[in-house]
Amino acid sequence: MNYYKYDLTKDESSTIFNFVSVGIKGSFRKVVAYTPTKNPSIYNLGFGNLKYAPSIKKYIIDDQVINDNGDIRIVLATVAQTVYEFTKTNPEIAVFFKGSDVRRTNTYKRAIMLNLEELSETFDIFGARIIDNEQIIDEPFDYTKDFDGFLIKRKKK
Amino acid sequence: MKRIKKIVKLKRITSKNPKIVIDPSLNELKDIKFKSGKPDEISKLEFKLSF
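As given, the protein sequences belong to chains A and B, one line each in that order.
Mapping of the first sequence onto my numbering: residues 501 to 657, in sequence order.
Mapping of the second sequence onto my numbering: residues 1077 to 1127, in sequence order.
No wet-lab data here; the hints were simulated from the structure.
C-beta atoms are modelled at their ideal positions from N, C-alpha and C, and glycine is treated no differently.
Wrong hints could be hidden among the right ones.
No farther apart than 20 Å at their CA atoms in a straight line, the calculated lysine to any residue pairs in the SDA-like style are these [claimed, not checked]:
| id | chain 1 | residue 1 | chain 2 | residue 2 |
| --- | --- | --- | --- | --- |
| 1 | A | Lys-645 | A | Gly-627 |
| 2 | A | Lys-551 | A | Arg-529 |
| 3 | B | Lys-1095 | A | Arg-573 |
| 4 | B | Lys-1124 | A | Pro-540 |
If you want the footprint, here are the derived chain A segments under chain B, 3+ residues with CB under 8 Å [said to hold, decoys possible]:
| id | region |
| --- | --- |
| 5 | 507–519 |
| 6 | 539–547 |
| 7 | 627–638 |
If we strip away everything but chain B, and leave its shape as in the complex, we get (with noise of 0.2 Å):
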C-alpha cells in the first residue's frame, strides 16, 4: 500500500496587540539551559551600573 506523508502547514498569525496568555506548564522550563552557555556566564559577572 502507498503511504501518504501528510504535510500539515502552520498559517502564520500575527497582530499589532498580540494575545498573551498564561500556561502554567511553561512553569517546568524555569531552569533550561542555553546551548550557547551565555546566560551562565553572564551571571557569574558583577555589574557596576550607573543607575
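Looking at chain A on its own, in the form it has when it is part of the complex (with noise of 0.2 Å):
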C-alpha cells in the first residue's frame, strides 16, 4: 500500500507485531496480536498499546486507548501492512476484526472502502455479523451498510 508506515518486528509465526508510534503526544508501543478462534481457518485481529499492568503483574494491550498522536494514517497502514505480512505466512487462514467500540469500526469501514481496489487485488473482503451473541457470518463488503466486524481473506493464487 502507497503509504507510510513504521518499521515493525515481529515473532517468529508472524502472529505478533510491535511497532513505535511518534507523534504529537509522544511514543506509544503498539502491538498488533492474531490470535486463533473456535475455527482454526479464522484468526482475530486485536491492536492496541501495550501496557503494563500492575494488578496482574503482566503485560496487556489497551484497546481503548485513545491516543490522539497525530499518525491514525500512519497506524492503520501499519497494521494493514501486518495483515499483509500474516496471511504472507498463513495464507489459508482469514482475518477476522473488529474495534473496540463502532466508532473505531467505523473508522475501519472507512479505511477499507478507501483503499478497496488496491486491497482487493490481493483479499477478498467480506462484512461480518454478530448473530444473537452466538455466531458470525458473512456478507458482501458493502461500504453503506454497517457491519459489526470485517473478514479478510488472501486471494488464490
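Taking the hints as your guide, dock the two standalone chains into a single complex.
Shown next as C-alpha cells:
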C-alpha cells in the first residue's frame, strides 16, 4: 500500500507484531496480535498500546486507549501491513477484526473503502455480522451498510 | 543541586516499504490479554461462513 508506515518487529510465527507510534503526544509502543478462534482457519486481529498492568503483573494490550498522536493513517497502514505479512505466512487463514467500539469499527470500514481497489487485488473482503452473540456470518462488503466487523482472506493464486 | 530532567524525543521514522525484523522476545507476548476482552469474546463465537 502506498502509505508511509512504521518499521515492525514480529515473532517467529508472524502472529505478534510490534511498532512504535511517534507523534504529537509522544511515543507509544503498539502491539498487533493475531489470536486463534474456534474455527482454525480464522484468526482474530487486535491491536493497541502495550501496557504493564501492575494488578496482574503482566503486560496487556490496551485496545481502548485514544492516543490522538496525529499519526492514525500511519498506524492503520502499519497494521494493514501486518495483515499482508500474516496472510503471506498463513495464506489459508482468514482474518476477522472489529473495533473495540462502534466508532473504531466505522473507522476501519472507511479505511477499507478508501483502499478497496488495492486491497481487492490481494484479498477477498467481507462484512461480518454477529448474530445473537453466538455466531458470526459474512456478507459481501458494502460501504453503505454497517457491520459488526470484517473478514479478509488472501485470494488464491 | 538543581536536577536536570533530560527529555528524549524520538524522531518519527516511516517508509513506504517498512523493515520487518524477527524479534524472538515477542514470543513472550503470545498469550497476551486485551483490556477490552473482545478477543476472548470472539474466540467463543461460531463462524458460519460462505467461503
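Here is how each hint holds up against the structure:
Taking the CA atoms of A/Lys-645 and A/Gly-627, the gap is about 9 Å. The hint holds against a cut of 20 Å. Restraint check for A/Lys-551 and A/Arg-529: satisfied, since their Cα atoms lie roughly 8 Å apart, inside the 20 Å limit. Distance hint between B/Lys-1095 and A/Arg-573 is fulfilled; the C-alpha atoms sit about 18 Å from each other, no more than 20 Å. Pair hint B/Lys-1124 plus A/Pro-540 holds up; C-alpha atoms about 13 Å apart against a cutoff of 20 Å.
Residues of the region 507–519 of chain A lying with their CB closer than 8 Å to a CB of chain B number 10, which satisfies the three-residue condition for coverage. Only residues whose C-beta sits within less than 8 Å of a C-beta in chain B count toward coverage, and the region 539–547 of chain A has 4 of them, enough to reach three; the restraint holds. With 7 residues having a Cβ less than 8 Å from any Cβ of chain B, the region 627–638 of chain A passes the three-residue criterion, so the hint holds.
Comparing the model with each earlier hint shows no violations; every hint is respected.
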